[in-house]
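Whenever a hint applies, use it, and build me the whole structure from the sequences.
As given, the protein sequences belong to chains A and B, one line each in that order.
Residues 1 to 206 in my numbering are what the first sequence spells out, letter by letter.
Residues 207 to 801 in my numbering are what the second sequence spells out, letter by letter.
Simulated from the structure, these hints should not be mistaken for laboratory data.
Even glycine gets a Cβ: it sits at the ideal position worked out from N, Cα and C.
Among the hints, a few may not be true.
[Unchecked claim] Derived DEER-like restraints, expressed as beta-carbon distance ranges:
1) 550/B with 103/A: 16 to 26 angstroms
2) 230/B with 103/A: 54 to 64 angstroms
3) 103/A with 571/B: 34 to 44 angstroms
[As the list claims (entries may be wrong)] Heads up, simulated DSS-like pairs for lysine-lysine below, C-alpha to C-alpha not over 27 angstroms straight-line:
4) 441/B with 159/A
5) 404/B with 451/B
6) 622/B with 168/A
[As the list claims (entries may be wrong)] Beyond 12 angstroms from chain B on every Cβ pair, some chain A residues (computed):
7) 87
8) 88
9) 101
10) 112
11) 159
The primary structure of each chain is shown beneath.
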Amino acid sequence: MSSPAMMGPKSNFNKTCNLFSQYLKEMRFSGDLNLASPDANVEPKGAPNVDSAMSTMNLFPLSSGVGFYDETIPKSAPAGTASPQMTIFYNGQVIVYNDVSAAKVKEIIELASKGSAVSNAVDVAGQPMGLALPVVGSNVSAPGLTNRMKVSDLPIVRKASLQRFFEKRKDRLSAKAPYTLNNPAADHKSKPNPEQSKSAASPWPV
Amino acid sequence: MERESRRGMPDVIVECVITYVTDARDRAAISLVCRRWYEVDALTRRHATIAFCYTATPERLLTRFRNIEGLKLKGKPRAAMFNLIPENWGGYVTPWIGISDLFPRLRSLHFRRMIVADADLAMLANLKGRLLELLTLEKCSGYSTDGLLHVGRNCRNLRSLIMEDCSINELNGDWLHELAINNTVLETLNFYMSDLEKINVNDLELIARTCPLVSLKVCDCEIPNLITIFQSATKLEEFGGGSFKEPVDPEFYPSITFPARLRSLCITYLGRDEMQLFFPVGHLLKKLDLVYALLDTEDHCTLIRKCPNLEVLEARNVLGDKGLDIVSQTCKKLKRLRIERGADEQGMEDIEGVITQRGLISLSLGCHDLQYFAFYASDITNEALESIGANMKNLSDFRLVLLDREEKITDLPLDKGVRALLIGCQNLKRFAFYLRSGGLTDLGLSYIGQYSQHVTWMLLGYVGQSDEGILAFSRGCPSLEKLEMRGCLFSERAIAQAAAQLKSLKYLWVQGYKPSPTGFDLSPMARPFWNIELIPARRESLDDGTGQITLFEYPAHILAYYSLVGRRTDFPGDNSVIPLTLQDFWDHCVHTSIS
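Right, here's the structure in full:
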């Protein structure tokens, strides 16, 4: 139970990073790529312990995702940020991107979540790996961002049956009147409905 | 080996008398008296409920209760209903179905939150065939309509088929056709909320004509079909379904003939226009489910005013305080009230649709017979809880969830209120208290421990302030068998100590706690027969109700339970569930003491 190497998630992450660089090139992104010290706004309180926390995590997979819950990661980004930054923490390294728009971030998150949806890899010694992929922090005020869940802030979850009903109800409403003012944005989980219009992404306090 | 000179009752009398005792707890007590009574109980037990399927195996069940007629099994933790448990977590029906033919009298099967495959249904149809009379699949997943074909074809004596809120792969509607042409004894047909829409309504109408239907709950049903079904199913007492895609002009349907015994209605997408169609039977209704209706607060009031004999009402919180006033005035016989959480998006629900202390107090003053009360409140006070404790003396199941939309709650913490409620409601067996940070102090949590003498199930969310709270709590709750906790800031060690202290605890589920780096702070609760499983942190995309998708990383879960049969062997292969055994703790102790 003492194998510190994290090879599985790393290769996933590398893959995702490669895709990400490609994506940025395609978007003709011209921001800075900095290896900077952790941004003060989003750094977890226990940042100096991140490495040791990670290696401790690797001793026992169930502690993955553990140890981050006391941090005060801002739930919503400061409003009106001039050049929105995105910061990625991984394994002691930090990468900061400037001028990342909300829509781009949303796409990146979806991309990353597809990459990490692959089931946990196993390291050389055959020890099961926990979900140790880091969370992408951001101080962009936009929806669709990954949040590390503070224990004290678990959202009250909905019953799955009710969730389905609300999605269906939305579909019905938009089918009947696709252009009403109150028509909410398309729910990504449900099948894409061509009649639904996407409303402007409004900041949702997370 | 018979002993002749007995001062007690002859065996034949014990066997006669015991058949009149049906309550499982009473039977359990009887079986402990002496060996002979144990044997008599074992041979005459007619029903078994295994509340968590991994506590025993089919073989053990067969050895103990061979002659059962009905079996009910539950699989995944309750949290699965809220998408918190990985789909492949476990809870497979296969081993139970595989052995079903060895139970000679078994004719009723009920699976809840379990994984069912088409092959399982085929096997069941093959092994039990005409012997199967009742099949209930509730919140199950993993099968398709092809699996149901076997049931429709071979289980011709099926009197009840319930598949409510299941996740079914719908290929076509042939299964219903098979059922329609092969079965003439069906009394209950329910595929409500299972998204089975490819059915042919003619099959439904055939069943309504040829079977003595008492309860019918379907997915979609337009008014013309509803009329036909109501005309044919003359014995119908319960109906669920609806769709109403076309606008309804009540003038066009002046009088639907309702079955004479209709007492329970559950109309999906019921709107204001359609609502009027049901006014004539309002006074007959004992059960009304408006959770999936499209009514605003005023509509709810209008409709409920017509239903003075309601015993069961379910609605979303669009019912509002106003609705609760009407319920309090009108539904004096109400026994069960469930108020679900509505949508959060703007414009999707009536702004009046909130439940607060005002409505709760009003309700408590009118509905004294309430036994089950579950609701999502936007605001609450101690006074409201005190009023409930003072007036709803018959409550056996109370569940409060405090919604998180409002920043400020009128009156927190709820220490005094919960104490009054628990002291007042002496019959309480099931209790859920889901608050927010600051909702209940450690003292308040100790009150729950102190005053819940008979509570067997509890869900606690965001209660307490520190480990002291949970430790004080666990010194009480003498009857607590099943505990679920979410979002409480207790350390792993305190949780384990609490679990070890709760005398009757058989099952524990926790999400959100202060973990240790290694997980071995759970060692205070490590003991024989106690299985511990961990679901590590994972990611979920969450629709926060406005259509915006946010990705959250959920913290880990602890699941622990007593089992007679050791660790289960069907963990998912992707390490989304990790078992911890006594041996693991031992190894860790050895490892840390050496290093």
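Straight-line alpha-carbon gap residue 441/B to residue 159/A, limit 27 angstroms: Violated. Residue 441/B to residue 159/A sits at ~33 angstroms, over the 27 angstroms cutoff.
Cβ distance range 54 to 64 angstroms for residue 230/B and residue 103/A, holds or violated: Cβ of residue 230/B to Cβ of residue 103/A: about 57 angstroms, so the range 54 to 64 angstroms holds.
The hint says 34 to 44 angstroms between residue 103/A and residue 571/B; measuring C-beta to C-beta, is that right? violated, 53 angstroms
Find the nearest Cβ of chain B to the Cβ of residue 87/A and say whether that gap is larger than 12 angstroms. holds, 16 angstroms
Classify the label on residue 101/A as holds or violated, using whether its beta-carbon is more than 12 angstroms from each beta-carbon of chain B. holds, 16 angstroms
Closest CB-CB distance from residue 159/A to chain B, is it above 12 angstroms? violated, 6 angstroms
In terms of Cβ atoms, is chain B entirely out of 12 angstroms range of residue 112/A? Violated, since 9 angstroms does not exceed 12 angstroms.
Satisfaction of hint between residue 451/B and residue 404/B, Cα-Cα up to 27 angstroms: This hinted pair holds, its Cα atoms lying about 16 angstroms apart.
Could you grab the alpha-carbon distance between residue 622/B and residue 168/A and see if it respects the 27 angstroms cut-off? Violated, at about 42 angstroms.
Has the hinted range 16 to 26 angstroms been met by the Cβ atoms of residue 550/B and residue 103/A? Taking Cβ atoms as reference, residue 550/B and residue 103/A lie about 23 angstroms apart, which means the hint holds.
Would you check whether the claim that residue 88/A is not at the interface survives, using Cβ distances to chain B and the 12 angstroms cut-off? Given a closest Cβ separation of 14 angstroms, the condition holds.
Checked against the numbered hints listed earlier, the structure breaks hints 3, 4, 6, 10 and 11; every other hint is satisfied.
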